[in-house]
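Visitor: Could you slot chain E with the ligands onto chain A? The hints should help.
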Amino acid sequence: MLKTFSLGGVHPAENKLSAAKATEILPVPAEVVIPISQHIGAPGTPVVKKGDEVKVGQVIAQSSGFVSANIHSPVSGKVFKIDDILDASGYKRQAIIIKTEGDEWMADIDRSDSIRKGITLSAEEIVKRIGEAGIVGLGGATFPAHVKLSPPPGKTCEVLIINGVECEPYLTSDHRLMLEKGEEMLVGVSLLMKALSVDRAIIGIENNKKDAIEHIRRLVSGYNGISVQPLKVQYPQGGEKQLIDACIGRQVPSGKLPIEVGAVVHNVGTAYAVYEAVQKSKPLIERIVTVTGLSVKNPGNFLVRIGTPISALIEAAGGLPEDTGKVIAGGPMMGKALASLDVPVTKGTSGVLIVPEKIAGRGKTEYCIRCSKCVSACPMGLSPYLLMTLAEKEIHDRAEEEKIMDCIECGSCSFTCPSNRPLLDYIRLGKGKVGQIMRSRIK
Amino acid sequence: MYGVVIAMIPALAASVWFFGIGALVVTLTSVLACVLFEHLIQRFILKKPTTITDGSAIVTGILLAFNLPTNIPLALIIIGAAVAIGMGKMSFGGLGQNPFNPALVGRVFLLISYPVQMTSWPKPIDSRFSYLDAETGATPLSIMKEGLITGKPFSEVLAEVPSYLELFLGVMGGSAGEIAGVALVIGLIYMLVKKIITWHIPVAVVGSVLVFTGILHLADSDAYASPMFHMLTGGLLLGAIFMATDYSSSPMATGGMILYGVGIGVITVLIRVWGAYPEGISFAILIMNAFVPLIDKYMKPKHFGEKVAAKKA
Ligand code: SF4
Ligand code: SF4
Numbered sequence: 001m002l003k004t005f006s007l008g009g010v011h012p013a014e015n016k017l018s019a020a021k022a023t024e025i026l027p028v029p030a031e032v033v034i035p036i037s038q039h040i041g042a043p044g045t046p047v048v049k050k051g052d053e054v055k056v057g058q059v060i061a062q063s064s065g066f067v068s069a070n071i072h073s074p075v076s077g078k079v080f081k082i083d084d085i086l087d088a089s090g091y092k093r094q095a096i097i098i099k100t101e102g103d104e105w106m107a108d109i110d111r112s113d114s115i116r117k118g119i120t121l122s123a124e125e126i127v128k129r130i131g132e133a134g135i136v137g138l139g140g141a142t143f144p145a146h147v148k149l150s151p152p153p154g155k156t157c158e159v160l161i162i163n164g165v166e167c168e169p170y171l172t173s174d175h176r177l178m179l180e181k182g183e184e185m186l187v188g189v190s191l192l193m194k195a196l197s198v199d200r201a202i203i204g205i206e207n208n209k210k211d212a213i214e215h216i217r218r219l220v221s222g223y224n225g226i227s228v229q230p231l232k233v234q235y236p237q238g239g240e241k242q243l244i245d246a247c248i249g250r251q252v253p254s255g256k257l258p259i260e261v262g263a264v265v266h267n268v269g270t271a272y273a274v275y276e277a278v279q280k281s282k283p284l285i286e287r288i289v290t291v292t293g294l295s296v297k298n299p300g301n302f303l304v305r306i307g308t309p310i311s312a313l314i315e316a317a318g319g320l321p322e323d324t325g326k327v328i329a330g331g332p333m334m335g336k337a338l339a340s341l342d343v344p345v346t347k348g349t350s351g352v353l354i355v356p357e358k359i360a361g362r363g364k365t366e367y368c369i370r371c372s373k374c375v376s377a378c379p380m381g382l383s384p385y386l387l388m389t390l391a392e393k394e395i396h397d398r399a400e401e402e403k404i405m406d407c408i409e410c411g412s413c414s415f416t417c418p419s420n421r422p423l424l425d426y427i428r429l430g431k432g433k434v435g436q437i438m439r440s441r442i443k
Numbered sequence: 001m002y003g004v005v006i007a008m009i010p011a012l013a014a015s016v017w018f019f020g021i022g023a024l025v026v027t028l029t030s031v032l033a034c035v036l037f038e039h040l041i042q043r044f045i046l047k048k049p050t051t052i053t054d055g056s057a058i059v060t061g062i063l064l065a066f067n068l069p070t071n072i073p074l075a076l077i078i079i080g081a082a083v084a085i086g087m088g089k090m091s092f093g094g095l096g097q098n099p100f101n102p103a104l105v106g107r108v109f110l111l112i113s114y115p116v117q118m119t120s121w122p123k124p125i126d127s128r129f130s131y132l133d134a135e136t137g138a139t140p141l142s143i144m145k146e147g148l149i150t151g152k153p154f155s156e157v158l159a160e161v162p163s164y165l166e167l168f169l170g171v172m173g174g175s176a177g178e179i180a181g182v183a184l185v186i187g188l189i190y191m192l193v194k195k196i197i198t199w200h201i202p203v204a205v206v207g208s209v210l211v212f213t214g215i216l217h218l219a220d221s222d223a224y225a226s227p228m229f230h231m232l233t234g235g236l237l238l239g240a241i242f243m244a245t246d247y248s249s250s251p252m253a254t255g256g257m258i259l260y261g262v263g264i265g266v267i268t269v270l271i272r273v274w275g276a277y278p279e280g281i282s283f284a285i286l287i288m289n290a291f292v293p294l295i296d297k298y299m300k301p302k303h304f305g306e307k308v309a310a311k312k313a
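Residue numbers (full-length UniProt numbering), protein chains in the order written: chain A, 1 to 443; chain E, 1 to 313.
Bound-form chain A, shown alone (with noise of 0.2 Å):
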């Protein structure tokens, strides 16, 4: 039978326009920037100076705190320099700028294509591999992987969820790596399941990608404990506590984390770059992008190293199309929009979409009509229509009681609105505002 979450959700036009397409491999680029904050987290301190060599797989920036990830450069060559440069919103980050010689790897990484399958090491070996190859979650969270495999004294995981979901719209990475890369990412779902000293892992998996549930089904029967669970197509079917709702049927609670309720949820993506990084040694220096849009010529997906530029995906897609509106970093729900096409591909860039001009543009933001759709469609059980009110009005004291702190920023209330009015921009504007106040109040 199919599951899904208990509360709201809506039912976005999917648009997987790039399921079908194998993932292509492009090539180096020339130039890589690598922001040193590409994590949920404290950035990374740089190790390496302008002017010093650096290979493949080699760290270039160090993890800086508890929770923060390791950065390892994606090419070898020079660096170049170390500067400012504009992230994806326009915001000033220091970024790690190479210039690319050759494609020369650190000794240890095991480039071939066979699976490794054999698990050898202890789960605390695992945890440190994990933590040294700076993997983060790359479903678009960007939470560093190793953190959340060491639970907090005192509470246990009892089942490892793993998020193959892939509620936005058009976005296809997970669902191609499902499909060409299952054994390593199973492989990586045992060594996750051993580091959390689990015995039990659900895959969740969403209806519309039915050949990916049959093709894990299939590869599943070879591991102990790993189970499929096909789940009805809803978004956001994906957010965290959402996902653990739908696949065990237990709800975290306000301001918790989900091993309240004993579970940990990691993406396919991440369970695949464990398994390179434990059984091949390989840090976290490539990923897997969609690059999508109505009117993209050849939208597909691509393994690209982690700095290329946003720019040479699209021109591998086929070039950026005449009537282009806007590009968004990530799918049309959560995903944010562009300031620049020069800006780096980093670890949690699940995609790029390119919205054509005539549909880009937000309609004209009307009254409250007080319909209550906000409130069917919200997923935490919030009222998004008086969130944003309080928000506008800077009734902080109010909107913490409403639980505004709960909002996954999911976008479900701003889709439905009939008179389009941008809930989630006040909300998550109120959010910033009500964060702040409370964790100065725990000082």
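You may find that some hints are simply not true.
As the list claims (entries may be wrong) - Simulated crosslink set (SDA-like; lysine to any residue; CA at most 25 Å straight-line): (1) A:Lys403 - E:Glu306; (2) A:Lys194 - A:Leu179; (3) A:Lys78 - A:Thr45; (4) E:Lys195 - A:Val233; (5) A:Lys280 - A:Ser295; (6) A:Lys433 - E:Pro162; (7) E:Lys300 - A:Asp397; (8) A:Lys155 - A:Gly65; (9) E:Lys195 - A:Leu179.
Unchecked claim - Now the in silico label distances, taken between C-beta atoms and shown as ranges: (10) E:Trp199 - A:Lys3: 20 to 30 Å; (11) E:Glu146 - A:Leu2: 53 to 63 Å; (12) E:Val185 - A:Pro152: 24 to 34 Å; (13) A:Asn207 - E:Val185: 29 to 39 Å; (14) E:Leu40 - A:Lys256: 49 to 59 Å; (15) E:Ala223 - A:Leu2: 26 to 36 Å; (16) E:Glu135 - A:Glu392: 33 to 43 Å; (17) E:Tyr114 - A:Tyr367: 52 to 62 Å; (18) A:Ser150 - E:Val185: 54 to 64 Å; (19) E:Trp199 - A:Ala337: 33 to 43 Å; (20) A:Leu2 - E:Met228: 32 to 42 Å; (21) E:Gly255 - A:Tyr367: 23 to 33 Å; (22) E:Ala223 - A:Glu394: 50 to 60 Å.
Worth flagging that the hints you see were computed from the coordinates, not collected in a lab. Think of the CB as a built atom: it goes at the ideal place given N, C-alpha and C, for glycine as much as any other residue.
Guide: Frame of chain A, contents of chain E with the ligands only:
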């Protein structure tokens, strides 16, 4: 908003079928007057761009007409429209801001100011080709009220009114849009399918009326009319389906919607059975409209994370 207009077409057609010219005249006048007043107030008093294209003034116009007898003089319709739009809607800031259902504000104003014209209803079918001079007759609810006052048993009341099937089809005296239950239910189904409204309010209103009158009827079937009778007569279905579900003046969370609907149902029965008027749905809705801010404050949607009760994974 235009979805609601489409949903009202069956009831409008039924109204024209049973009341003929009167229904057409009343509806057209009401819609034109509402749209015109909205435009004038928005342009010349509030000095903002007109809002008539959002369709909500048309909805209010049709709903006001649905709540009027089809032999009502033009002047009263225009007064009703002015009150509905001016007092009921624009004075609160327009669409989405009005705490009361504008059409009902207009109707109740007329009912209190012109009780005679507002309570003489043309007979269905017979009066198709007449407007002001239509032959009038009693409505099932007024016959029931008389029975309640004079102590006539319900079985005799039932003998004086059409069969339940005829009542459901709309063969009875009443306001323009309230008579044909079947047409209103078709409109409801359309709105549910198109996700314009959810089932909570209509079901809560009708369900609570059925339960409340059912208990009364079981306790004393001579004194109290059957639940079926209550459901099919007067403006109950019109109110439950089209009036109580007005976005602006109804609650936002499903729990609140049910509480609000039950409140409307209970007050309606209280007025019908023990009050001064034979029909109470309009007052009931307006009274519950007043509680909506309170309901919204205390009846929040169910938050995610409340169902922790560790199910075995
Ligand atoms: S963005 Fe936030 S408020 Fe809006 S639907 Fe999603 S969780 Fe609810
Ligand atoms: S969906 Fe938009 S119009 Fe409807 S209640 Fe929410 S904010 Fe208001």
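Visitor: None of the hints should be skipped; say for each whether it holds.
Guide: Status of each hint after checking the structure:
no.: 1; hint: A:Lys403 - E:Glu306; in the structure: 13 Å, holds
no.: 2; hint: A:Lys194 - A:Leu179; in the structure: 24 Å, holds
no.: 3; hint: A:Lys78 - A:Thr45; in the structure: 18 Å, holds
no.: 4; hint: E:Lys195 - A:Val233; in the structure: 19 Å, holds
no.: 5; hint: A:Lys280 - A:Ser295; in the structure: 39 Å, violated
no.: 6; hint: A:Lys433 - E:Pro162; in the structure: 64 Å, violated
no.: 7; hint: E:Lys300 - A:Asp397; in the structure: 17 Å, holds
no.: 8; hint: A:Lys155 - A:Gly65; in the structure: 22 Å, holds
no.: 9; hint: E:Lys195 - A:Leu179; in the structure: 37 Å, violated
no.: 10; hint: E:Trp199 - A:Lys3: 20 to 30 Å; in the structure: 24 Å, holds
no.: 11; hint: E:Glu146 - A:Leu2: 53 to 63 Å; in the structure: 57 Å, holds
no.: 12; hint: E:Val185 - A:Pro152: 24 to 34 Å; in the structure: 56 Å, violated
no.: 13; hint: A:Asn207 - E:Val185: 29 to 39 Å; in the structure: 34 Å, holds
no.: 14; hint: E:Leu40 - A:Lys256: 49 to 59 Å; in the structure: 55 Å, holds
no.: 15; hint: E:Ala223 - A:Leu2: 26 to 36 Å; in the structure: 53 Å, violated
no.: 16; hint: E:Glu135 - A:Glu392: 33 to 43 Å; in the structure: 57 Å, violated
no.: 17; hint: E:Tyr114 - A:Tyr367: 52 to 62 Å; in the structure: 33 Å, violated
no.: 18; hint: A:Ser150 - E:Val185: 54 to 64 Å; in the structure: 59 Å, holds
no.: 19; hint: E:Trp199 - A:Ala337: 33 to 43 Å; in the structure: 38 Å, holds
no.: 20; hint: A:Leu2 - E:Met228: 32 to 42 Å; in the structure: 40 Å, holds
no.: 21; hint: E:Gly255 - A:Tyr367: 23 to 33 Å; in the structure: 25 Å, holds
no.: 22; hint: E:Ala223 - A:Glu394: 50 to 60 Å; in the structure: 58 Å, holds
Hint compliance for this structure: hints 5, 6, 9, 12, 15, 16, 17 are not met, and every other hint is.
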